[in-house]
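A.B. asks: So the chains spell out like this:
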Amino acid sequence: MRGKAKGEGRKAMVQTSFARFIRLAASAFRLSPFAFFFACDTNPHPAPTRTTRDDGTPWRVRYSYLADDPRGLDPQHAYDQMAHRIHEAILDNLLEYHPLKTDPFELIPALLAALPERTQNADGSVDYLCRLKPGIRYHHDACFPGGKGREVVAEDVHFAWLRMSDPKVECPIYSTLEPVVAGMHELYEAAKKSGRFDYTARLAGLEVVDAHTFKIRLKSAYPQIVYWLAMPFTTPVPREAVEYYDGKKHGGDAEQRAEFNWHPVGTGAFQIAEYEEAHRFRLVRNPDYHTVAFPTDSFPPEKAEWLKQFAGKQLPMVDEIEWPILREVQTMWQLARQGYFDGTAVAKDSFGRIVTTNGGISPDLQARGMTLEKDTELSTFFISFNCADPVLANAKLRKALACAYNAQGYCDIFKNGVAPVATQLVPPGIFGHLKDWVNPNAYDLDRAKKLIAEAGYPNGIDPKTGQPLELTMDVTATGSEERQTAEYEQRCFEALGVKITVRENTFAKMLDKEEKGQFQIAPSTGWGADYPDPENYFFLFYSKNIPPAGKNDSRYVNPEYDKVFEQMALMDNGPERLALCKRLLEMLNEDCPCAFNFHKAYYVVVQPWARRTHANMMLEGGPKYLQVDPLMRARAWHEWNRPVYWPLALLVLAVIGGIIYAVRWNRRLNA
Amino acid sequence: MLSYLVRRFLYVPLILLGVMLLTFVLSFVVQSPEERARAVLDKKATPEAIRNYLHTRGYDKPLLVNHEPGASWHDSIFFNEMTNLACLRLGKSDITGEPLADKFLAGAGPSLAITLPAALLGLFLAVSLALYLVLVRYSALDRAGTVGCVVLMSIVPMLYIFGGQKLLATGLNWFPVSGYDLTQWSGLRFLVLPIMVFCIVNLGDETRLYRTVFLEEIAQDYVRTARAKGVDNLRLLFTHVLKNGLISLITLVVAHLPLLVLGSLLIENYFSIPGLGNLLASALQSGDFAVVRASVFLGAVLYQAGLIATDICYALADPRIRLGDDTEVVTGKRVSLWVIVAGCGALVGGLWWAWPVLMRAVAAFRASSIAAFFERLFGNMWFQDFLVVAGFAVVAVFLYVNSRNEVWQRALTRLRRDRVGLIAGAVICAYLFVGALEAIQLRGGRGSTESILRKLTAGIPVEETYSAPFAKTLLTKPTALKGTHLLGTDALGKDVFVEALRACRTALIIGGLTSALYIPFGTMLGLAAGYFRRRTDEVITYLYSVVVSVPSILLLVAIISSLGKSFASMTGALAFTGWVGICRLVRGETMRQTGRQYVAAAQALGQSQWRILTRHLLPNVLHLVFITFVLGFSNLVLAEVILSYLGVGLPVGTPSWGAMIDAARSELVREPVIWWNLAAASGTLFGLVLALNLFGDALRRAFDPKRG
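Sequence lines, in order, name chains A and B.
Position 262 (the first sequence) corresponds to 262 in this note's numbering; numbering is contiguous.
Position 193 (the second sequence) corresponds to 864 in this note's numbering; numbering is contiguous.
The set of hints was computed from the structure by calculation and includes no laboratory data.
Treat the numbers as computed from the prediction; the structure is a model and nothing was measured.
Any given hint could be a false lead.
[Stated by the list, open to error] Computed cross-link-like contacts, SDA-like style, restricted to lysine to any residue with a CA-CA straight-line distance of at most 25 Å:
#, chain 1, residue 1, chain 2, residue 2
1, A, 509, B, 1143
2, A, 544, A, 502
3, A, 513, A, 502
4, A, 192, B, 740
5, B, 1143, A, 363
6, A, 509, B, 728
7, A, 551, A, 170
8, A, 133, A, 119
9, A, 396, A, 245
10, A, 193, B, 726
11, B, 763, A, 68
12, A, 435, A, 376
13, A, 249, B, 772
14, B, 763, A, 245
15, B, 1165, B, 1125
16, A, 544, B, 719
17, A, 192, B, 1243
18, B, 1143, B, 1132
19, B, 1126, A, 133
20, A, 396, A, 552
21, A, 513, B, 723
22, A, 516, B, 1125
23, A, 551, A, 376
24, A, 168, A, 136
25, B, 1153, A, 551
26, A, 193, B, 719
27, A, 509, B, 727
28, A, 193, B, 727
29, A, 168, B, 726
30, A, 544, B, 723
31, B, 763, B, 957
32, A, 464, A, 490
33, B, 1165, A, 411
34, A, 551, B, 705
35, A, 374, A, 449
[Unchecked claim] Now the stretches of chain A that chain B is said to cover, found in silico as 3 or more residues with beta-carbon under 8 Å:
#, region
36, 65 to 71
37, 277 to 283
38, 482 to 494
39, 585 to 595
40, 626 to 639
C-beta: ideal position from N, C-alpha, C; glycine also.
Work the whole structure out from these sequences, hints included.
C.D. replies: See the structure below:
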């Protein structure tokens, strides 16, 4: 008003100064501690490290979560899923899985320049010749002179493999590799005897040829070795890093160094920028990354048109990854609904599953552009029968139980029909899985009743006692879902007329019982693939794998099976191998040491700004292939989360009303 | 005062020694380190790996005394643990090997950021509300407010979290659902919601308590004098009553302040706050017993610190109180140190001597049929029912015998006039009736039995899986339902309403069995301590100080997770932590009564001590026992839910509200949301707990009209 009276020029000036004042006041207010209450924002994420890239395009941050802290990050030691998720981002392996080839899976060279060359020696030993890509450097890190990452050399691989043989490192795959890799056993035993591992020793099974070439020597054929090369255990480790990060203080006021277990140094597409325990991870891109680029082939037809734009692109495609650590599925789902996660689940993370009742998504979420995608894990779950048990040694009885078990009902009820019923041991996607195979021991109650009569228990009655046959079922009791599944399984078996007693065990007790064979029925046994090879499944019923040596919990012993298995394990994929796999499966069906249940699968919610480039179950999410549209996301955040303030007024009214009431009452008291 | 403080400080290590012994037994004797190692190593648990694991952590040493030649006798798990804890060396995590001291330091900040403001705000709110209720005392609003407090208390804590996140975070978009960031001011927004939830969970309880404190204060002589002199009601309240009442609040508040550092298990887990509660929750999940052990110890240390602070604050705030040898303050008491030192010494020495024998006996007992018999006995539905019915019968007989007592007669008359109390009593009877319907088993087909409730509801069919209330088809597919379901069906197709009703029996059994265990035990010890005083009192006070020093939820979880899940272990654990409250209460009351003339008269007449205790003292403290029984019952019902939620609930197939609410965890993340299971369970639970609380209140009013 005042500006209008004093002419145009003045008005403009007043307006600008007024605007400046408002802006100043606003920024002062924003800095004040009270601001938070009025400027409450539902965004749970901290501000990213940057807002724009060097070229002016927006900085791309990918928001997801981890269900737990990793238990450690030592590449030769860590075996938990969270550690593998981190490792996939920060380390490169010698080989890795092609992100788009899933049926069958395929290994591609990562740190290696090409797939290893195999040569069979006359004495039965096998050599694998490997060449590292030249010019790949470690992350810049304080452990290197000058803080600049040096080039990866074959000696680093040797050092890593020495670490695998060190008893103190407790490498979980040592017991698998020790029988085949020459020299590992000797080093391990020597270190155990002396109490100290000699890191100047040479491992006979890994010969360094030149700076970039090394040769792996196996004592006997073990074709599965290539899959272990795609895991962090075998990845090169710089000796400097292990020596530098010792968890001690060096010099008076120097900061305490981390332990190597929490500070691995690799060559991966990302580097850990921040890690706060039980709270969050922040990973930032490695600007020098050029180990692998986005694939140019095998695009799935339905996404080919869209994926073409990424072909051959430099990785990683996002600049930063923010992973808060969330333990409650409820909280996670609320945040995903608000759009604060770029997808509910990362593949294989059983924690982040969302169950939709009809395969659809509710209309309000659909309107927001969220879509559902189905992931099927490489896993098979089955109900183990203890073949060494005097009662269950009866194969007919085992078959009767298997036929009485309704796996389809299980999947419908507990997996909402998302998880496919398992008809066989090997899950789909792995060689050895027979398409269109019909499980001869599938649910058929009439047949089950016939079988149990043939087994000597007509109508489930034990002729010796005249009472229903009593069997026990051992389960682990961890949550409400386990209770319900146990009840369901009990109900299925009891349809035969037998009586099933459910015994709940702590996790430790259950493992102990499985190991010692002190159970009759163990319903929640299963196997998630370490690598996509049928050997990794059929070995579950190999007689030399009876616990504690392995995981043949059913204690299935069949010399014929063992013979065929040994033959199959060493073969290359092909029709002959497939025939042997079929033969093995037939033997399992005949003797029925287990009843197949399901393969794990679930829906994940995908946000419109973060379409998935791949869904490879052998990867832990493949962080370097992820993409995101930050602008679209920013708009969605703003639109979806507008605060509603009118209930505040109600609250204020209620308080005022209460005060008035009290004052009037008080007046009456005083009178 | 100085000598008192010195004594007080000397008493602390003794309590801590007791706590250390307790945790040692729980973490090494009940469940062996091997078993735990196997659980932690999971897939990798080869014998070699287990040996390695135990060796690096020193768990492969002998348990108590090292008899190996060449090793010193005290190089055992027991002595190493004890020295470590005594020197406040918290050790390393069993799983990641990180030093726990660092973890605890890092977690204390975030925990305090929630709990400290929440506790202060909660105190402020509760005091203001209590003052407000006192201001409008005996009006309709006051009555409504008191009932409102009880309502707040009767809601399961999880519902506040679900509701808060749903309403304030995703509904109104006021606050973030979860997160934590205190590096900048704007990060404060993360704290608002957890603080609000923390406040409201305790608000009802505290407001009610403080209201009673203020009402007691207002009945004092000085208030009457002031009123007679014409002081305004409002001024009276704020200058006199508030100030004097706050002194008694100190005892209620200060002791618990240090414990705030430990944070809150549920809230930190839900709001992803990287505090100590979160640390503990994940340790429970992953089996990191080193963390559990250290937090139990830390909890005890903090609680003791709180008690000392209380004593000091009390002396500072109230000039009438002198802390000296002849004053007995709320918490501090005269302790002859040597009794307890000798006792502990004897215990340790005796254990050393008797250890091998004891271990062999325990192993033999575990393997024997007697143990199996007990397990089956307590797992037997008939036996559980029998115990509870017997318990109720004993209560009834006592009530009948006491009904001639004057105090009880008067209370009964008053109770008859209390409408709310009567309605609550009727509701409790209804629950008892439903529980009885489920408890009484009839012979069914094929040698099995079926409860009356099941027979009555046999007409309600079992569906395939979930269906919504009154729905016509299943939730998952368009298959028509076989019947109508008032509250829908659960995952296995069972009618949710029927299941919720069936769970009544479970709740009553948990409450009943536990009460049957802890009430007689606590009362007996309390009577003995109060009547005999001296040594007896010292030993009993020591025992309960040890138990009370450990936060009860920690103790419960530790006990149940090491004993395994069953009715027996849950009731046992609840009783183990529960007897303390009643023991304390009875001890105090007995001390008061012992000073009365009728006791002196009985003594003069040469009556036996047994007779004095049972015929004179017991009837006079019985009303306290009864009130505690009713109010404690509601806590037990709630405890079952929280324990189920933490994964240490009841065995499979037991219909229970805790299991239903736990199932809701995954049901709430479905599309569409399955809410009826949660609603049915928390609704029926709420009804029972509310009725118990209101009835307990009515009883208290009837027995002690002053405490209105």
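A.B. asks: None of the hints should be skipped; say for each whether it holds.
C.D. replies: Tested hints:
no., hint, verdict
1, A:509 / B:1143, "violated, 44 Å"
2, A:544 / A:502, "violated, 30 Å"
3, A:513 / A:502, "holds, 14 Å"
4, A:192 / B:740, "holds, 22 Å"
5, B:1143 / A:363, "holds, 21 Å"
6, A:509 / B:728, "holds, 21 Å"
7, A:551 / A:170, "holds, 20 Å"
8, A:133 / A:119, "holds, 21 Å"
9, A:396 / A:245, "violated, 59 Å"
10, A:193 / B:726, "holds, 15 Å"
11, B:763 / A:68, "holds, 19 Å"
12, A:435 / A:376, "holds, 15 Å"
13, A:249 / B:772, "holds, 17 Å"
14, B:763 / A:245, "holds, 19 Å"
15, B:1165 / B:1125, "holds, 12 Å"
16, A:544 / B:719, "holds, 18 Å"
17, A:192 / B:1243, "violated, 45 Å"
18, B:1143 / B:1132, "holds, 13 Å"
19, B:1126 / A:133, "violated, 75 Å"
20, A:396 / A:552, "holds, 20 Å"
21, A:513 / B:723, "holds, 21 Å"
22, A:516 / B:1125, "violated, 40 Å"
23, A:551 / A:376, "holds, 23 Å"
24, A:168 / A:136, "violated, 29 Å"
25, B:1153 / A:551, "violated, 44 Å"
26, A:193 / B:719, "holds, 15 Å"
27, A:509 / B:727, "holds, 22 Å"
28, A:193 / B:727, "holds, 16 Å"
29, A:168 / B:726, "holds, 11 Å"
30, A:544 / B:723, "holds, 24 Å"
31, B:763 / B:957, "holds, 15 Å"
32, A:464 / A:490, "holds, 23 Å"
33, B:1165 / A:411, "holds, 17 Å"
34, A:551 / B:705, "holds, 19 Å"
35, A:374 / A:449, "violated, 36 Å"
36, 65 to 71, "holds (count 3)"
37, 277 to 283, "holds (count 3)"
38, 482 to 494, "holds (count 8)"
39, 585 to 595, "violated (count 0)"
40, 626 to 639, "violated (count 0)"
Comparing the model with each numbered hint stated earlier shows that hints 1, 2, 9, 17, 19, 22, 24, 25, 35, 39, 40 do not hold.
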